[in-house]
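Undergrad: Taking the hints into account, I'd like the entire structure generated from these sequences.
From first to last, the protein sequence lines are chains A and B.
Mind the numbering: the first sequence is residues 2 to 52 in my numbering, read in order.
Mind the numbering: the second sequence is residues 858 to 1355 in my numbering, read in order.
Derived from the structure by calculation, the hints contain no laboratory data.
Ideal placement from N, C-alpha and C gives every residue a C-beta, glycine not left out.
There could be a bad hint or two in this list.
Each computed DSSO-like pair below joins lysine-lysine, with the alpha-carbon atoms no more than 30 angstroms apart [unchecked claim]:
#  : chain 1 : residue 1 : chain 2 : residue 2
1  : B       : Lys1259   : B       : Lys1273
2  : B       : Lys1352   : A       : Lys32
3  : B       : Lys1211   : B       : Lys1267
4  : B       : Lys924    : B       : Lys1352
5  : B       : Lys1015   : B       : Lys924
6  : B       : Lys1206   : B       : Lys1267
7  : B       : Lys1021   : A       : Lys32
8  : B       : Lys1208   : A       : Lys32
9  : B       : Lys1211   : A       : Lys32
10 : B       : Lys1212   : A       : Lys32
11 : A       : Lys32     : B       : Lys1039
12 : B       : Lys1145   : B       : Lys1211
13 : B       : Lys1352   : B       : Lys932
14 : B       : Lys1206   : A       : Lys32
15 : B       : Lys1254   : B       : Lys1208
A partial selection of chain B residues facing chain A, derived with a Cβ cut-off under 10 angstroms [claimed, not checked]:
#  : residue
16 : Pro1058
17 : Pro1153
18 : Pro1193
19 : Asp1304
20 : Pro1306
Chain by chain, the residues run as shown.
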Amino acid sequence: MKNRSHFPWFSLIMIGAITAVIWWSLLPEHKREFYRNLVRQVPDLPGRYVI
Amino acid sequence: MPDYDVIVIGGGLGGISSGALLARQGRRVLVLEQSGQVGGCCSTFEKDGFNFDVGASIVEIIQPIEKVFKLLGAKLQDELDLISCDPIMTYLFENGQRITYPLSAEKTGEVIRRISPEDGARWAEFCAFSQDLMDVTLDTFFSEPASTMQDMAALIRKNPRFLKFLPTFLTSYQSVLEKYFKNETVLKTMAYQAFYFGLPPALVPGPYAMVPYTEHVGIYYPRGGMIQIPLALQRLGEKFGMELRLNSCVSKILVEKKRTRGVRLADGTVLTCRQVVSNINARTLYLKLIGAEHLPSMALRGLRSYDYSISVPMVYIGLDYEPPLDAHHSIFAVSPDELNRQYFEYVRKGKLAKKNFGLVCWSTHTDPSLAPQGCHILNVIPEGGYYLNDTTWDEEKPRFIKRTIENLSKAISGLKEHVVAADCVTPLDFERRLLLPEGAIYSFQQDLPAQAVFRPSARSKVISGLYLAGSSTHPGGGVPTTIASGMIASSLIAKYES
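TA: Following this line, the structure appears as structure tokens:
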């Protein structure tokens, strides 16, 4: 029973991850560069907000 | 009683505009400029009878500038002779083809239609989108503080249509362009303008893609050179009692109990004041002039995290003939992807591009008085980073000038034989002469994570009485935006420091 209740969540996460990988691989290089640059700086944002 | 109400550090456009506006408010203002003239990157110098512009080569989106002059009780048109540039741009293609866009957006649509009927049809849609975006952002984002979430909420309250454009900030300049245009030649005529913000088309936030349209609203050149803009602001400021000291370098900002008390000059002189407006790079301001001991660790981390903006080597060429060009500006037409490649593969890796790549400004096309009779000026901006592999800019400079002239000669016939004066300001020179760290002309990168609330606040969040103007703070680098930053700083002082 326990395993069955976890099953949909696992599927959803897997579907989400696969969708993300496919989405990323289909993006043109310039869009990947834009998002890479954005994600790289996310940890810096709290510090930038307080200055 | 302190010596001054406000001391402004740096006589660049942001500093001189905030100083003038604060003087207009009736405050006792002193502007301290480390060099021998105002304007910073927006200035002009004379060599061998030629008047070369240091950096900025035109002014567009003049509404914020008009607003500042109006606040100073003057009319922009009365203070400056702004010459409209028409045609606005010639695009030089590698195969020798040339395309020139006139000032009129309608006529430019006809030129685009001849290249690609589909893109020609979409040009009108692009113009409508850009005009709407320009109307909304000029009224909000580019003229109001955007340092806190409350500021952002206030922008939306002021003009709820701003919300409509927020998703555009999550896309790039290139994505917006490619949404409207498919033809490679057409895209090549709109890609380079991304570098007006110091980044390639892949990294500039989407709203700035309106620039290929806003150029058609008007591009102007002040008669007498770009320095006329800061000089006009200086004149107006001095009319209201603003004091300007040239060749005065600030070595320290005096801070007591987290509040500014004055400044110490390099010669040891101490000047006291209530508020300080900084128009210098924010990292230099906080780490060098204020000191890390006054800053919380989180703020220090944020401050150190910024990437410096791009720098540029500027090549100034004096000619004894009229170059066969058509417009004030010419651009070597390159596709958005090629521009990205040039940036990531060359500029970021310390290599210099072998081919022509950049902007050529023919200032004497618009104002012949800048050069001796019959002579002309070309200011060339080939991209190049601060760091170079295996060489230094001091070593490279003579070779760089020579190579730039050789490369230009391939696109502009007869040029090489008619050069009578040539000079270059390298990123290293920008660092030494204008005290721009790493020669960063826009202070910090102007990508999305360094915009608005994530750019150093115009009203310091860590030191009371400290305000920022210039390219380090919102709305960033560029002629109209730095002037707008001066207006924002002065309005914040009026609001919080009565």
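Undergrad: Run every hint past the structure and note whether it holds.
TA: How the hints compare with the structure:
no.	hint	result
1	Lys1259(B) x Lys1273(B)	holds, 9 angstroms
2	Lys1352(B) x Lys32(A)	violated, 41 angstroms
3	Lys1211(B) x Lys1267(B)	holds, 13 angstroms
4	Lys924(B) x Lys1352(B)	holds, 18 angstroms
5	Lys1015(B) x Lys924(B)	holds, 18 angstroms
6	Lys1206(B) x Lys1267(B)	holds, 26 angstroms
7	Lys1021(B) x Lys32(A)	holds, 21 angstroms
8	Lys1208(B) x Lys32(A)	holds, 24 angstroms
9	Lys1211(B) x Lys32(A)	holds, 26 angstroms
10	Lys1212(B) x Lys32(A)	holds, 26 angstroms
11	Lys32(A) x Lys1039(B)	holds, 16 angstroms
12	Lys1145(B) x Lys1211(B)	violated, 38 angstroms
13	Lys1352(B) x Lys932(B)	holds, 25 angstroms
14	Lys1206(B) x Lys32(A)	holds, 21 angstroms
15	Lys1254(B) x Lys1208(B)	holds, 14 angstroms
16	Pro1058	holds, 7 angstroms
17	Pro1153	holds, 7 angstroms
18	Pro1193	holds, 7 angstroms
19	Asp1304	holds, 6 angstroms
20	Pro1306	holds, 4 angstroms
Hint violations for this structure: numbers 2, 12, all remaining hints satisfied.
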